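Enquirer: Sequence:
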Amino acid sequence: MNIFVGSLPYSIVEADLEEAFSDYGTVESVKVITDKFSGKSKGFGFIEMPNDEEAQNAIDALNGASVEGRTIVVKKSEPKPQGQGGRNFNRGNSQGGYRGGNNRGGYDRGGNNGGYKKDRY
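In full-length UniProt numbering, the protein residues as written are 1 to 121.
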């Protein structure tokens, strides 16, 4: 079972999480999510435990526990629904950017509040 762990202290490392979860069973993998530029923790991570019963025991025991003064969230990780990821840059009613929406300017939008217009110059 894949387990989400949130509201982690930024100082926590993978070895700390593995130690805490191994009290409840076999831990297959541990990943603390970090910022790709700074390398600092984002405050959440994932634990993989092969035995679902052991994983559920860990979730029940550790959800709401205090770690370095922070109350952590521990729950079963659900896979992201297909087609729900990523950002949508083509919203049409945005307030800026390339083309789109509601008279707030931007490139070639024809709005009244600025932006690039061919007939202006």
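In case anyone wonders, no lab produced these hints; they're calculated from the structure. In this text the structure is predicted, and so the values were computed from the model without any measurement. C-beta: ideal position from N, C-alpha, C; glycine also. Hints should not be assumed to be uniformly reliable.
Below, simulated DSS-like cross-link-like pairs (lysine-lysine); rule was C-alpha separation at most 30 Å, straight line [unchecked claim]: (1) K75 / K40; (2) K36 / K76; (3) K76 / K40; (4) K80 / K31; (5) K80 / K40; (6) K42 / K75; (7) K42 / K76; (8) K36 / K75; (9) K42 / K31; (10) K42 / K80; (11) K75 / K31; (12) K80 / K36; (13) K76 / K31.
Ranges between beta-carbon positions, derived for each pair [claimed, not checked]: (14) P79 / K42: 28 to 38 Å; (15) F37 / N57: 33 to 43 Å; (16) S77 / S22: 13 to 23 Å; (17) F37 / D60: 35 to 45 Å; (18) D35 / E68: 15 to 25 Å; (19) S11 / Q82: 33 to 43 Å; (20) T71 / E18: 18 to 28 Å; (21) F37 / A61: 32 to 42 Å; (22) E19 / D60: 12 to 22 Å; (23) S22 / G64: 32 to 42 Å; (24) E28 / A61: 10 to 20 Å.
Enquirer: Which hints from the list above does the structure break, by number from lowest to highest?
Expert: Those not satisfied are hints 14, 23.
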